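J.: Using the sequences plus the hints, can you model the full thing?
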Amino acid sequence: MNHRILLTFLLTLGCSVSLFAQYTEELNSNRPGSSQGAFAVGTNVLQFETGLSLGKEDHHLIFSETNALNIDYAVRYGIWKEALEISVMGSFQRNIITDTRNPNQEVTFANFRSNTLGAKYLLYDPYLKKELEGPNLYSWKANNKTQWADLIPAVSIYAGLNIDFIEDPEAVFVNYNSSGIDNFNFSPKVVLATQNNFIGGFVLVTNIYANRITEEAKQFGYVVTLTHTPTSWFSIFIENEGFKGDTYADQLFRGGVAALVTPNFQIDASALLNFKDTPNRTYGRIGISYRLDRHDSDEYIEEKGAEARKKRKAEKNKNKDAKKAKKKKRKDSIDPTDDDSGEEQ
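Numbering (numbering that gives the first Met the number 0), first residue to last: 0 to 344.
Treat the hints with care, as some may be off.
[Claimed, not checked] With a straight-line cut-off of 25 Å between C-alpha atoms, the simulated PhoX-like cross-links for lysine-lysine are:
1. Lys275 to Lys317
2. Lys188 to Lys243
3. Lys80 to Lys188
[What the hints assert, rightly or not] Computed spacing ranges between beta-carbons, pair by pair:
4. Val260 to Val189: 26 to 36 Å
5. Asp320 to Tyr72: 45 to 55 Å
6. Thr23 to Val189: 23 to 33 Å
7. Arg100 to Thr261: 45 to 55 Å
The set of hints was computed from the structure by calculation and includes no laboratory data. Keep in mind that this is a model prediction, so the values were computed, not measured. Backbone N, C-alpha and C fix where the C-beta goes; we use that ideal spot for every residue, glycine too.
T.: Structure representation (structure tokens):
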């Protein structure tokens, strides 16, 4: 069984979606991975991401076999500044659970597995300075090799509010002997996201998160996603997620592909598996991402500190000098033909 799973995982190593951008001319989605990139979608950009998953889970301790259907969704909107994004993310799942000791006995359970309202803000962007400086005009090699500075990631913070409709959703969906008591509840979620954009179309995203931290069923984990874009319209990814909680701990592996159909529309496919039997999980997933692009103009995030103040002052003086030169040029170029005409008469 483990050899089959390992083979499946290796076959999907070729498999994501582009995960980076402040604002770009083409859509950049968090799908089909589960991590969040460090950058927002861009001011006045409204983006929809959704997918359908079908999976099977075998839990050897409680003798259950589950056929699951999951619908995940995300609505993201860039507001106020390029660095800020608000979002609603979640998933709804239906489980058909069979007792392996009595195959004729089935139980169906459906509810929201997660539902989170949150905001993400870009704290640090190392690529801003590179964009302002532009490429090295004297060295092709300097522009096309990995440098130590590339190891410094963009950093953002996400804070969200979980809205749960049942008590301890993870226990309900994983330990199927739980009854799923109706209990409308709120709890916080915090994610620290980093992102490195490397030469050659490789992007490394890391998330460290704490979920439902005010509840007994609190959860702590990480997600690491490596994406490669071999062409302008096609991307592949591999991902590892590890987490630990009072009711469930696991290591999940994902791989998938994504294709950009138009600048504002993307399709994707991916797979998920793990290597434990409490439960053993195998999922297939397809999805789409679409954005309504009302972005007006690019906005560079203002640099701070003494050095930044010097740059702004120099830029201001430069603009003043340019205006004076333009005004003087207009004054010197006044056509004196009227005076000449008067003399000839």
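J.: Would you mind marking each hint as holding or not holding in the structure?
T.: Going through the hints against the structure:
Of the supplied pair hints, the one linking Lys275 and Lys317 is violated, its CA atoms being roughly 64 Å apart against a limit of 25 Å. About 15 Å separates the Cα atoms of Lys188 and Lys243, which keeps this hinted pair within 25 Å; it holds. Restraint check for Lys80 and Lys188: satisfied, since their Cα atoms lie roughly 23 Å apart, inside the 25 Å limit. Taking 26 to 36 Å as the suggested C-beta distance range, the pair Val260 and Val189 conforms, at roughly 34 Å.
For Asp320 paired with Tyr72, a C-beta distance near 53 Å keeps the hint of 45 to 55 Å intact. Distance hint check: the CB atoms of Thr23 and Val189 are about 27 Å apart, consistent with the given range 23 to 33 Å. Roughly 51 Å separates the CB atoms of Arg100 and Thr261, a value that falls within the hinted 45 to 55 Å.
The structure fails hint 1 only (numbered hints given earlier).
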